[in-house]
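Novice: Here's the letter readout for the chains.
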Amino acid sequence: MRTIGEVAVPLIIVSVMIYALIHGTDVFSGMTAGAKDGLKTVLGIVPALIALLPCVYMLRASGALDALCSLLRQPLSQIGIPPETVPLMLIRPLSGSGALAVGSDIMKQCGADSFVGRCASVMLGSTETTFYVIAVYFGAAGIKKTRHAIPAAIIADIVGFMSAAFFVRLFWG
Amino acid sequence: MLFSIIITFMAAFSLIYGCLSGNLAAVSAAAADGAREAVNLCTSLCGMICLWSGVIELMARTGLSERLSAALRPVLKKLFPSAAKDRETMDALSTNVSANLLGLGNAATPAGIKAAKGLKRLSGLSSASNELCLLVVMNTASIQLLPTTIASLRASLGASAPFDILPAVWLSSLLSVSAGILSAKIFERFSKP
Chain Z
40 MRTIGEVAVP LIIVSVMIYA LIHGTDVFSG MTAGAKDGLK TVLGIVPALI
90 ALLPCVYMLR ASGALDALCS LLRQPLSQIG IPPETVPLML IRPLSGSGAL
140 AVGSDIMKQC GADSFVGRCA SVMLGSTETT FYVIAVYFGA AGIKKTRHAI
190 PAAIIADIVG FMSAAFFVRL FWG
Chain X
-2 MLFSIIITFM AAFSLIYGCL SGNLAAVSAA AADGAREAVN LCTSLCGMIC
48 LWSGVIELMA RTGLSERLSA ALRPVLKKLF PSAAKDRETM DALSTNVSAN
98 LLGLGNAATP AGIKAAKGLK RLSGLSSASN ELCLLVVMNT ASIQLLPTTI
148 ASLRASLGAS APFDILPAVW LSSLLSVSAG ILSAKIFERF SKP
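In the order they appear, the protein sequences are chains Z and X.
Residues 40 to 212 (my numbering) make up the first sequence, in order.
Residues -2 to 190 (my numbering) make up the second sequence, in order.
Heads up, a few of these hints could be off.
Derived DSS-like pairs: lysine-lysine, alpha-carbon spacing no greater than 30 angstroms straight-line [as the list claims (entries may be wrong)]: (1) X:111 <-> Z:75; (2) X:182 <-> Z:75; (3) X:74 <-> X:114; (4) X:75 <-> Z:183; (5) X:114 <-> Z:184; (6) X:182 <-> Z:183; (7) X:111 <-> Z:183; (8) X:114 <-> Z:183; (9) X:82 <-> Z:147; (10) X:111 <-> Z:79; (11) X:114 <-> Z:147; (12) X:82 <-> Z:183; (13) X:114 <-> Z:79; (14) X:182 <-> Z:184; (15) X:189 <-> X:111; (16) X:82 <-> Z:75; (17) X:74 <-> Z:79; (18) X:82 <-> Z:184.
Covered stretches of chain X (chain Z as the covering partner; in silico rule of three or more C-beta atoms under 8 angstroms from a C-beta of chain Z) [to be verified]: (19) 74 to 80; (20) 102 to 112.
Simulated from the structure, these hints should not be mistaken for lab results.
All C-beta atoms in this analysis are idealised placements derived from N, C-alpha and C, irrespective of residue type, glycine included.
Please put together the full structure from these sequences, using the hints given.
Specialist: As structure tokens, then:
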């Protein structure tokens, strides 16, 4: 299972390029058009990260994050979730760039290839900005009574966080 | 607005907590560090994000997205029986799901909104119908096959194989989406439209 991930980058790029070439798609202009979009994406997240990262760093430097972690260490270890990921789990449903900022801080502190760093990555990859999505979709459809959508979405998030920690432990234990 | 309150609280709380714990000097340095790190992070992320956007754009141009949405249709018709009767809504719905799978965020949201409007029209309700709730729940759970932004972040922070998390991401996404669909199906029995 682990080797899939290790060859993934070149394998995906090469197979997409060959597939596109066979289908008569202009590979170069497709790649450059996408890269241009990518620049726009990055430009979009720079201001958000500049606003958010100082807040995250200040919270860590004040000692408050470590205090929160040690407070939650006991209850969270019961379900296998590393307490260092608490800030990520709190911010993930609210803001995509916020989660990116917190996730990068966690990976910087613990290492991208550490257990905690991998947990944070898998959590980021297997969940979404739940409340933002709910606001956008129901807002656009003009619906105020959302019934069971929010509880079901929150359950999906909690299951995502717990299984992220579970599978990282299983694969890299 | 909620988010503005949260980040203001974070900043204010770190100031107060820093005062009390004697870490005030570290807090002042951290604000500057954070801003600098934000720009550094974006420069190191930029190349990878652009490369992956290029690959994903290429995938979209080959028509992979259309083929995927055609393949998904039979499953979606089972999950969304009322949308199955309306071609336009079904098209929007399958485009939404396939764009989410391929990580085409720019295509997923407009299609999803179109599907949400269609589902509301078909249900004739002012509250969210069962199928609309299901659509929203599926969109709040991530079903992206290639989490390229996270891989870029991992690569820029020194991961040896940024995509080695793929199997774990797939399995935990699958569990999370299934839990969302299952709880939506269970809860819909108890909440009146």
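Novice: Broken hints, numbered, in rising order?
Specialist: 2, 9, 11, 16, 17 and 19
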